[in-house]
Amino acid sequence: MGQLIITEFTTLDGVVDSPGGGPHPHAGWTFQQVEFDEAAYEIKDREQQEAAAMLMGRVSYEEFAPVWPSMEDFAEYNAMPKYVVSSTLENPAWHNTSVLRSLEEVARLKETVDGTILVHGSATLAKGLAAADLVDRYHLLIFPVLLGAGRRLFDDTTDTLRKLDLVEHEAYGNGVVKAVYDVAR
Numbered sequence: 001m002g003q004l005i006i007t008e009f010t011t012l013d014g015v016v017d018s019p020g021g022g023p024h025p026h027a028g029w030t031f032q033q034v035e036f037d038e039a040a041y042e043i044k045d046r047e048q049q050e051a052a053a054m055l056m057g058r059v060s061y062e063e064f065a066p067v068w069p070s071m072e073d074f075a076e077y078n079a080m081p082k083y084v085v086s087s088t089l090e091n092p093a094w095h096n097t098s099v100l101r102s103l104e105e106v107a108r109l110k111e112t113v114d115g116t117i118l119v120h121g122s123a124t125l126a127k128g129l130a131a132a133d134l135v136d137r138y139h140l141l142i143f144p145v146l147l148g149a150g151r152r153l154f155d156d157t158t159d160t161l162r163k164l165d166l167v168e169h170e171a172y173g174n175g176v177v178k179a180v181y182d183v184a185r
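The sequence shown: position 149 = 149 (the numbering used here), numbered continuously.
Worth double-checking, as some hints may not be accurate.
[Said to hold, decoys possible] Straight-line alpha carbon distances no greater than 27 Å define the calculated DSS-like cross-link-like pairs of lysine-lysine that follow:
#	residue 1	residue 2
1	Lys163	Lys178
2	Lys178	Lys110
3	Lys110	Lys44
4	Lys127	Lys44
5	Lys178	Lys127
6	Lys44	Lys178
7	Lys163	Lys110
8	Lys110	Lys127
9	Lys163	Lys44
10	Lys163	Lys127
Everything labelled a hint here was simulated from the structure, so no lab data went into it.
Produce the complete structure using the sequences and hints provided.
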């Protein structure tokens with residue numbers, strides 16, 4: 001059975017909106033507001049090495065698909081199976097990509113994948129996965145930035161209580177904090 005991991009760049013106030021670019025007025029906050037420290041991104045390399053599959057929502061797919069295939073840093077992601085949860089996407093062009101139409105299909109995917117299923121970004125999908133109790137772990141890189149507004153990973157859209165167990169953490173010289181939590185079962 002696959003382990004589903006949500007991996008996010010988030011601000012201290014919980015905003016996950018447009019960390020690298022996009023429509024948010026402060027888009028790109030991860031690299032524009034915080035000094036780069038390669039050590040803080042170690043978990044990203046590890047995720048890519050350990051992942052058996054990648055899962056994303058349509059919006060993230062549309063952001064990643066035109067860029068990631070040409071990036072050597074993402075060779076493992078480009079080769080692995082990718083799944084997009086969408087009711088509208090047809091015929092994805094990114095190599096080795098399939099479309100799932102529901103969270104029930106994601107649950108079936110978890111039953112068949114041997115290894116880690118990594119969810120990058122995809123805040124709306126991540127919330128749905130959490131509400132359906134499909135998330136096993138969170139990898140959070142918390143940036144020392146307050147945006148005040150924007151899409152959040154955790155907000156008032158669900159009233160489901162979840163206990164999390166901290167299994168790994170580290171603080172970096174640029175103020176970024178890595179926090180890895182398992183969902184307690």
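Evaluated hints:
For a cut-off of 27 Å, the pair hint linking Lys163 to Lys178 stands: about 18 Å separates their Cα positions. In summary, the hint linking Lys178 to Lys110 is supported, as the alpha carbons are separated by about 25 Å, within the 27 Å threshold. About 21 Å separates the Cα atoms of Lys110 and Lys44, which keeps this hinted pair within 27 Å; it holds. For the given pair, Lys127 sits about 21 Å from Lys44 by alpha-carbon distance, which is consistent with the 27 Å threshold.
Only pairs whose Cα atoms come within 27 Å are accepted, and Lys178 paired with Lys127 is accepted, the gap being roughly 20 Å. Distance restraint check for Lys44 and Lys178: the Cα-Cα separation of roughly 11 Å lies within the 27 Å cut-off, and the hinted pair is therefore satisfied. Note on Lys163 and Lys110: the hinted pairing holds, with a Cα-Cα distance of about 21 Å set against a maximum of 27 Å. The hinted pair formed by Lys110 and Lys127 meets the criterion: a straight-line CA distance of about 17 Å does not exceed 27 Å.
Of the pairs offered as hints, the one joining Lys163 and Lys44 holds, with about 24 Å between alpha carbons and a cut-off of 27 Å not exceeded. Restraint check for Lys163 and Lys127: the C-alpha separation of about 15 Å stays at or below 27 Å, so the hint holds.
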